[in-house]
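Asks: Each chain, written out:
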Amino acid sequence: MTTTSTPKSTGRATAFSERTNPVRGEVLLEVEGLQRHFPVTQGIVFQRQTGAVKAVDGIDFQLIAGETLGLVGESGCGKSTTGRLVTRLDEPTGGKITFQGADITHLNRRQMRPFRRDVQIIFQDPFSSLNPRQTVGTIIAAPFDIQGIKSEGGTRKAVQDLMARVGLNPEHYNRYPHEFSGGQRQRIGIARALALRPKLIVCDEPVSALDVSIQAQVVNLLDDLQDEFDLTYLFVAHDLSVVRHISDRVAVMYLGKIVEIAARDELYNHSRHPYTHALLSAVPEPDPDAVKRRERIRLTGDVPSPLNPPTGCRFRTRCWKAQDVCAEQEPPLVQIGAPGHLAACHFPEERDVV
Amino acid sequence: MTLGATEASPPDGGLPSEHIAETAEAKQIEGRSLGQIAWARLKKDKVALISATLILLIIAIAVLAPLIVKISGFPPDQPNFKDSNGNDLLDTQLGGIPAGGLFGSGMSSEHWLGVEPQNGRDVFARLVYGARASLLVALGGTVVAVVLGTVVGMVAGYFRGWVDALLSRVMDILLSFPTLLFILALTPVIADRAQSTFGIPDNNTLRMGVLIFVLGFFGWAYLARIVRGQTLSIREREFIDAARSLGAGPGYVIFRQILPNLIPTLLVYATLIIPTYITAEAALSFLGVGVKEPTASWGRMISDASNWYEGNPLYLFFPGAMLFITVLAFNLLGDSVRDALDPRAGRS
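Line by line, the protein sequences give chains A and B. One rule links them: number in our numbering = place in the first sequence (from 1) + 2. At position 106 of the second sequence (counting the first as 1) the number is 99 in our numbering, and the numbers step up by one without a gap.
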């Protein structure tokens, strides 16, 4: 797998020389108390803020170089917003983002520029993430173009190498996105994200818009690329089986908060938070006998509005274990069980759900 | 876990690079852009072909006017009172109406479309030169309106917030103006000011420039609104985020990512706005604020001919017909362009 990467990296060695490569196992990205509140305003001329949608409301996590952190949760829990905040496509309203020791929380566009090479994003919708009026060649060349990077042998060759690497025919350089299938388009998006040899790639539900058969191909491609280019992934998804396949650690989000975070097998086998139990019990089971044996937890009611989240524990309105203390005190995210296994619950317990 | 069943990424990290370069050189696979597909569709549309041919013909006439007039033999500004045999062209008894010819038009083998009453200028030559004024003003005004409208609309739609609020109010104000009245009042004032302040003589170059400016200035707001709306929707698409995540600034995003997606809209709008500007130029010249004597313009000719329609109806008919054909051709082409670019919209 390293055969193609070696000549390519020497090709752009001059442009990349000032970048320090992360050592496997060191903290690449650290997020502390990250918040994104979207203001809700009233009035047309004289706007006043009447509230805020607390999409992300104080989350902490670390990304270790070389690992994949899966971020799961139902729609609207703030997982995609977290991805957008980490890539600084959106401005955090609170908290701190540190990338390789540098605070990038409130950098403006110009100051962000060097970090753009290191942090990239793959989008969910392969139909809207590619400009329909540009050829594939132009799309994948955009990173070089925008960052002003010249590669040895020309941009065209670099682009065609990338296309070959993600499993596209390099001869399709002059084609337009509408001539490709969804899976191929997602590969184009991956090639674009890969072009600048980033260290961290935020995958914002990269396979949820694809056919199940194609999903496997794309996930495996991401897996291979991670090994080849020493990538770190923040893998946002709502499909627990995909996350289980690719992640080293998994964080579960509910209504703007991380409720549980643990190593993959620890989380899938020894989860402690009732919301995680509910999520895991909803994973489709191919074995009909296992389905009969398994207890399916059905949550009642809707997710509360992030405009006005419940006091104390946010999950208490749908939790079957809720007590008075859950309404009064917000449970902190603390270590329970194995090292690195954190859960935010007053009454954590192990439960066999899978 | 069912993943891992199919592994489609190429074995061993893709093809060797020399092989890639070689095959790319040897066999170019050209993709068809959305524009090329629309073009192919347009070429199959008979109405579009006829309109486009007519428009090209009219443009050719305007461009080649001096050559055509050399062949026909009479410059547009030259008064003619006698034909080559020495006979009077104009009937002084009847106030200068052309003598003879079909319906008193003075049509003859020398003056193909007759002569003007009183002055005896060649109608054919004036018609040919009139195409210049009409097309120049209409195309110039369209360029001004489209450029202004696109830039302002994209800026308003992309930046939103107070920029959008400000620019949108400007558009509202411009759209609520009684445009025709303003143009009528403004055109002579601007021409006069240009002359007194900057010493530019009030000739027809200036007049046409003023017309282009005024038509464009009052015409951009409507397009700006359309462009703003489209920009608002395009900027939310993920390829814009992709460009921003690569470090692209507003200039790159607006002109390299958003603008190409607006081309169909602009093309349709431009082909539909040209005929209204041709009509507007004719109307303004008819009303006396457009192109001045002695330069020919279809609007002026219609205006002049309206005094003589009883004695010489063909003098009114020819510029009217040219105007009608040109406007119709542009309108039909505009419709066809819209259908070609978006087959789902409009007639099927």
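No lab work stands behind these hints, which were simulated from the structure alone. This structure is a prediction, so every number in the text was calculated from the model and none was measured. Ideal placement from N, C-alpha and C gives every residue a C-beta, glycine not left out. Mixed in with the good hints, there may be bad ones.
[Claimed, not checked] Derived coverage of chain B by chain A (criterion: at least 3 residues anywhere in the stretch with Cβ under 8 Å from a Cβ of chain A; other residues may be distant): (1) 25 to 35; (2) 129 to 137; (3) 249 to 256; (4) 268 to 277.
[What the hints assert, rightly or not] FRET-style restraints, in silico, Cβ to Cβ: (5) B:Ile256 to A:Asp62: 45 to 51 Å; (6) B:Ile256 to A:Asp105: 31 to 37 Å; (7) A:Ile46 to B:Val140: 28 to 34 Å; (8) B:Val144 to A:Gln337: 53 to 59 Å.
[Unchecked claim] Cβ-to-Cβ under 10 Å is the rule here; a few derived chain A residues that face chain B: (9) Arg90; (10) Glu93; (11) Arg115; (12) Asp127; (13) Lys323; (14) Val336; (15) Ile338.
Asks: Would you mind marking each hint as holding or not holding in the structure?
Replies: Structure-based check of each hint:
Interface restraint, the segment 25 to 35 of chain B with chain A: holds (4 residues with C-beta to C-beta distance below 8 Å; minimum three). Under the rule that three or more residues need a Cβ within less than 8 Å of chain A, the assignment of the segment 129 to 137 of chain B is violated, with 0 such residues. Judged by the Cβ-Cβ criterion of 8 Å, the segment 249 to 256 of chain B is covered by chain A as claimed, because 4 of its residues qualify and three suffice. Requiring three or more residues with a Cβ within less than 8 Å of a Cβ of chain A, the coverage given for the segment 268 to 277 of chain B is violated, as only 0 such residues are present.
With their beta carbons about 46 Å apart, Ile256 of chain B and Asp62 of chain A fall inside the hinted range of 45 to 51 Å. Judged by the Cβ atoms, the range 31 to 37 Å given for Ile256 of chain B and Asp105 of chain A is violated: they are separated by roughly 42 Å. Against the hinted window of 28 to 34 Å, the Cβ-Cβ separation of Ile46 of chain A and Val140 of chain B comes to about 31 Å, which satisfies the hint. At about 57 Å, the beta-carbon gap between Val144 of chain B and Gln337 of chain A stays in the expected band of 53 to 59 Å.
Proximity of Arg90 of chain A to chain B holds as hinted, the smallest CB-CB distance being about 8 Å (cut-off 10 Å). For Glu93 of chain A, the interface hint is violated, the least distance from its beta-carbon to any beta-carbon of chain B being 12 Å, above 10 Å. The criterion of a C-beta within 10 Å of any C-beta in chain B is met by Arg115 of chain A, whose closest approach is roughly 5 Å, and the hint holds. The beta carbon of Asp127 of chain A comes within 6 Å of a beta carbon in chain B, closer than 10 Å, and the hint placing it at the interface holds.
At about 29 Å, the closest approach between the beta carbon of Lys323 of chain A and any beta carbon in chain B exceeds 10 Å, and the interface hint on this residue is violated. Interface hint at Val336 of chain A: violated, since its Cβ lies 30 Å from the closest Cβ of chain B, which is beyond the 10 Å cut-off. At its closest, the beta carbon of Ile338 of chain A sits 26 Å from a beta carbon of chain B; the interface hint therefore is violated under the 10 Å criterion.
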